[in-house]
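S.K.: Each chain is listed here by its residues.
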Amino acid sequence: MQIESISLKEGADQEGFRNAVRCLIAGDVAPERVLWQTASSLSLFDAAPVRSDVAVSLPRDVADLISKVVCHTDNARYALLYALVWRVTHGERHLLEVHSDPLVFRLALMAKEVRRDIHKMHAFLRFRQVPAEDDRYMAWFEPTHFILEAVAGFFVDRFPSFSWSILTPIGSVHWDKTAVRFGPPGQREDVPATDAFEAGWGDYYASTFNPARINVGLMRQHMPKKYWHNMPETNLIPELVRSAGSRVETIMAKPVASSRKRMPKKALEARLDAGPRTLAELNGIISASEPFVQGGTRAVLGEGPMHPELAFVGEQPGDQEDIDGRPFVGPAGQLLDRAMQEAGIDRSKCYVTNAVKHFKFQQRGKRRLHQTPTMGEVKHYRWWLEKELEFVQPKLIVAMGATAVMALAGKALPITRNRGPAEFDGHAGYITVHPSYLLRIPDAGAKHQAYAAFVDDLKHAEKLAHTFRAA
Amino acid sequence: MDLFQKLKILADAAKYDASCASSGAPKRAARAGGLGSTTGAGICHAYTPDGRCVSLLKILLTNYCLFDCAYCINRRSSNVPRARFSVDDVVTLTVEFYKRNYIEGLFLSSGIIRSADYTMEQLMLVAKKLRRDHGFAGYIHLKTIPEASPWLIEQAGLWADRMSINLELPTDASLKRLAPEKDSATISAAMGQMHERIAEAREERRRFSPAGQSTQVIVGADATTDADILSASAGLYDRFKLSRVYYSAFSPIDHASALLPPSAPPLAREHRLYQADWLLRHYEFSIDEIVTTADDGMLSLDVDPKLDWALKNRGKFPVCVNTGPREMLLRVPGLGKKAVDKIISARRHTRLRAADVQRLTRAFNRAASFLVTADHHPARKLDEANLRARMTKPQQLALL
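Protein sequence lines, in the order shown, are assigned to chains A and B. This note's numbering applies: residue 246 is where the first sequence begins, and numbers increase by one. This note's numbering applies: residue 947 is where the second sequence begins, and numbers increase by one.
Simulated from the structure, these hints should not be mistaken for laboratory data. One should not assume that every hint holds.
Computed far set for chain A versus chain B, every beta-carbon distance over 12 Å [stated by the list, open to error]: (1) R267; (2) A300; (3) L310; (4) A525; (5) G549; (6) P550; (7) H552; (8) L580; (9) L614; (10) L684.
Going by beta-carbon spacing under 7 Å, a handful of chain B positions derived as facing chain A [claimed, not checked]: (11) H991; (12) R1022; (13) R1046; (14) Q1101; (15) E1146; (16) L1306.
Short derived list, chain A residues pointing at chain B, Cβ under 7 Å [claimed, not checked]: (17) F372; (18) S406; (19) G445; (20) E478; (21) R516; (22) D518.
Glycine is no exception: its CB is placed at the ideal position from the N, C-alpha and C atoms.
So here's chain B without its partners, still in its complex pose (with noise of 0.2 Å):
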């Protein structure tokens, strides 16, 4: 099988992996003789058809796997076709891609051969032989398989920019029923492992996975709620610091599993969910706040999380622009962090009107109902029962 050939078994195989972050990394440049940057601020090099961007060259080292996971479309027992790349083959497709400006670096997975410890090693020697051989400072982000030993996962950490172990399920019950080979308790591990590492490097000023560790949650391939994944993510990025909980719509796969049958993604729900999760990691929203808003543990469909929280606490509005609290502000359906932050300092050099606020965000029509400015009072607008129904637009799903 030919290079590229390879390359498209490889690359189908992983694009269920919602992760293409290439940001975090500190800012660095190649040295003489090397290939590659990072900016501190990703780069997307181009995008698909269904939206999404390609940042980093996301593939697998091999679809192969002894695992049986039924969302997976390598899992063993599926009849997808296979293939297995060499670790040259990997560092030839990242070096000749990222010369040509396709790509900001490698998104590195695999499906479990042999042994957890012969896999990750492979991971990390693609890693340590790009940085090695090839001065290559482009973003690394290696997965990392939580049952191998804890060496392995170590050395990986002093070549890759990121880590990821995917959660998949976040409850013990569905793990056990869809991904008989994963263990809760062994992934918990790991990702404690690895955070206590980052934490000591960053305070030592040692490069380890410098811009931390993420994961990734399947949205709809069970019954949990958002209710329940939101709560298993703060529980995450409170104990790990994780950077990120990726949302990923269970997508139809083809040789679908008996005990997933394939239906349509919930994309909507899955976009909620990120919504939600941008309230607690941005907007100080607390998750208790989040999970009283779901109703029945669910994000309602029909408008964002943030106005559902709004329409539901209509005592705490309206709040006024210029003298309202940063924390009120960002409370304010259609008014994003930007926003808040050009508010709080204009306000400090004149009285804003509405008019001056229309030029701060785009979504001004939304924050009049809560919103109090020189020229405006939303008045009575806010106890009309109606509300809901008049902000509950079809709105463009674009988010990410």
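So here's chain A without its partners, still in its complex pose (with noise of 0.2 Å):
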């Protein structure tokens, strides 16, 4: 029989690996034919690899369960993972399915030591600052296996924004804000000794343990004391544990002590007391908060006189609206104007405010496209809505659109059949619809026929709101 030799860098050689792959299962090698062995660098007598264009398809599993083994330090690892490749390509597509499998069984718990060892490596490693340079960390840390490459990723998305190394016995790791670099190992010596928020760090675990629970076993089973010699807070471990148990026999045996304080009656009462007590109050919240709509650069608050007969509620702010801060005075704003001039409504005596206090829109190069609010967002808005119109107190409220509606019914009402005279939860109400609509309506006889009726409704809401006040 003849043996094919193939010789991998030391380390987790995927690239190396795949390559023979290639070659191997192109030139048909049963894996009792290869000898697999790793050298640090191989000689320069040795045969340049051959390289082989070949690709072995194999299943995605499979693949993943290569890219994580191949990390492990035990020598079988590179025999084992050509045993199932062997399989997998013989007639045993399915093979890692069948997790009973000695062969599966044992690469699975190689691939999950090596999960783990990258799992506790995000997890344990520590950064401390280099002295002196404001964005520089530094880190030293023994990984088990090699996983160096595997676990870069994790604190370039964590950590983009600052410099940072990781020193290992196996290699290093560096960011430096743009680009990932691999380099030779590092010592230990050559990170900082200490960090300015290690000893804040310390009193945060040694306060946030309670020694009435201690558990030193399951602790140990989740953080192996192979960690704790780069771990800066288990210094404290040995004290923590010795005290647990007078601390705690100290708290039982303590007299209930009778309190110092007084009752704080006026406070107590005052804790239920939440604002806003006035519309000025409410208006000053909503203009500080954020919005719960993308876009919105500003609140567009409600305007008009307290206690008026008729209050306007329309969807939202506008492109114009947002501009100039004030509701209604884009073109949906001029033609609600124009109808209520026919209706012989005196805007400036009615409130006229949005179910959606900011403009709910797409950029789209210098345009910003208007952006229906959806059931959630209107909800997220209907508490300052109820306020607000508690607060001005109208006679009779006007939803203008199905937003409208959602928000002052708290469910969706088609608006054709629920048109006229309505209810908010209580209080006297109107639906029409929003004068936006009728910009839309493409057929000039059509929009003729609705902005009629629109005016219709603004009168007919106008009566109904002056009976109120009569009555």
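Two chains, two separate frames, one set of hints: put the complex together.
M.R.: Below is the structure:
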């Protein structure tokens, strides 16, 4: 039997293994004919590894398993992996589904050990700030397996905005805020000996420990001792464990002391005292809050006198309203003004506001495209609208369009079927279309008709409000 | 008082909150100039000698509090030393700890000062500042003050990954006696509000407390039985789709109240509650099955609830590893969810023997009495009177 000797680089030689597999499978070399070796540096006189372009197609889960197991320190890893590849490519394509197979079991265990090592490196590595350098941090870590390449991405994702170096006995990885570079092994002494926040971290670690629940075995199961010497907080463990018993005894033996505090009666009464107490206060809150919709550069607040006969509620501010900071000043607002005039309503005597206080839009080049707010977004704004109308106390609330109806009624109602007098949570209301709907009707005749109906609605609402006042 | 001194007081004051999870947030990474990432699964950055993980910086904004909950070290009548962080203090600690890879993020809670609204707003502002000014993409868990105005809770949900309201005591009577300022109706209403907003945001693919909401129940501070506690949990999972209910064994606290003198924490009981909760959420057990297994309303401490159920329902076993349905394999003591998935996958290709199953679970000895394989049958073992006694070994507490 002719033996094929394969030499791979030390560590996790993903590339070398992949290439070897291509050559071996192409040459139909059975696993028992392959001798796998790793060398710290391949001798100059070694034949250059033969390249093969014949790709070996493997199921996704096999490829994933290989990428993990290659990182393992077990010298048998390549031979085991090749035995797997051989079987998968020779009639057992679904081999990885047979978790009870001894080879699959062993490889799964190795992959698990590698994953755990990666996870623990993500968790237990500690950075120290390099003195006199604001945004440079360094860490020393001793992984069990060859996982340096496998962990780098995690730290890049997490810490993109300062430069850092991770030194280990098997190599180092460096991030300079733009690119990752792998380098030679480092030494513990190359990393700063301490850090300004380590004492505070120790304080936190000690304070968050509950001595009444001491369970050292469980701690060591999750945080094996081999990691301790590179974790600053673990210095505190012996003392925390030693004193735990007496700390609990002291607490248990302590007689119940009477309170030194007086009963804070007034403060207690005030605890449920929640604002806002005035419309101005409410508006202050809305203006300072984060929009619940995408876009909205500023809150556009309601406008008009208190205790009006009519309050008009629209959908949300548009482009022009967002620029001016006032409701209904854009094209739809101008149409509303005209309709009000024709209906004999003085806008300055009405309150005008929107269900959603921010302009929801999508930026397309220079244009800001209006987006209809979703049910959930409208609900975020409901509490504010309810408060607002509580303060304003109109005789009648006119809901213009589906969004306003949704906000006032708490659910979606079709406008066409519910147009006319309505009731919003016990308050007199009126449902009609939104003026921007009129702007969008393409047919001139239909537009004219719809506009006339809108004016009629306004007249009707005005009359209704008037009868409320008379009553 | 310097920053680290405050930290000592306000970490000590927060440690009775059992929640530590940093999971459930969508995968994300910081943008240029930002800081932090979430991986989906949480990371435990250290373990304290109580075996609990340190994942989030778990602190209170302040331990001054107007409430007088008897079980709480920070109740207003307690003589505990007090401290208060500023919003910037918390932001600094979170950012600096995070940069050194000590933590996954922040879990911020607070005593109630001035008013519910004021307190909630301060918590919200910390989260807002972290996200806005520091591009912080790490995990944020905010405690929600149920008495606060709805708009504050809704603003907080824009910044937090998870929000939680602690129920603490599952019955009205206990709340009245031990936490006079709390009100179960207010708590339910706030949970309901959050549940609605979270569900709507998920459906509309918006970000609002993406890791959901959780709660905590104290175990052993009142006479509530395990059955009552678990029924309450089942109700919360059902009504509000909570991500988690945490169980916290009532621990002796310094400056204890006369209403609740210090006693050893019921750790074994807490452990059994977590196991039963797990059966509810991951093993397709119904709350009725769990409640009927618990004699006098209490889970047995000598065996875990799954084994207890199996021993009390021996007629349903043995289950054949090669042909049994998934839902019954899940009920076999010693077979975890992962082992069952592996069995289901492997048996499509091969007939499983005892040696095969041994490779799939570490607790084969426990499973063997309830399981049939190609070369193994428990036969009369299942009917033996001393089966329970043989299975009752002092077991290591190793969950969570």
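S.K.: Are the hints correct? Go through all of them and say.
M.R.: Hints, verified against the model:
1. R267: holds (27 Å)
2. A300: Label holds. Min Cβ-Cβ 26 Å, cutoff 12 Å.
3. L310: holds (14 Å)
4. A525: holds (16 Å)
5. G549: Given that every Cβ of chain B is farther than 12 Å from that of G549 (chain A), nearest at about 22 Å, it holds.
6. P550: Nearest chain B Cβ is 25 Å from P550 (chain A), so the label holds.
7. H552: holds (24 Å)
8. L580: Answer for L580 (chain A): holds, closest chain B Cβ roughly 30 Å.
9. L614: holds (18 Å)
10. L684: holds (27 Å)
11. H991: Holds, about 5 Å.
12. R1022: Since the shortest Cβ distance to chain A is 6 Å, the answer is holds.
13. R1046: Status holds, d = 5 Å.
14. Q1101: holds (6 Å)
15. E1146: holds (3 Å)
16. L1306: At about 6 Å, which falls below the 7 Å cut-off, the nearest Cβ of chain A leaves the hint on L1306 (chain B) intact, so it holds.
17. F372: holds (5 Å)
18. S406: holds (5 Å)
19. G445: holds (4 Å)
20. E478: Where the cut-off is 7 Å and the nearest Cβ of chain B is about 6 Å from E478 (chain A), the hint holds.
21. R516: For R516 (chain A), the interface hint holds, since the closest Cβ of chain B sits about 5 Å away, which is under 7 Å.
22. D518: D518 (chain A) check passes; min Cβ-Cβ to chain B is 6 Å, inside 7 Å.
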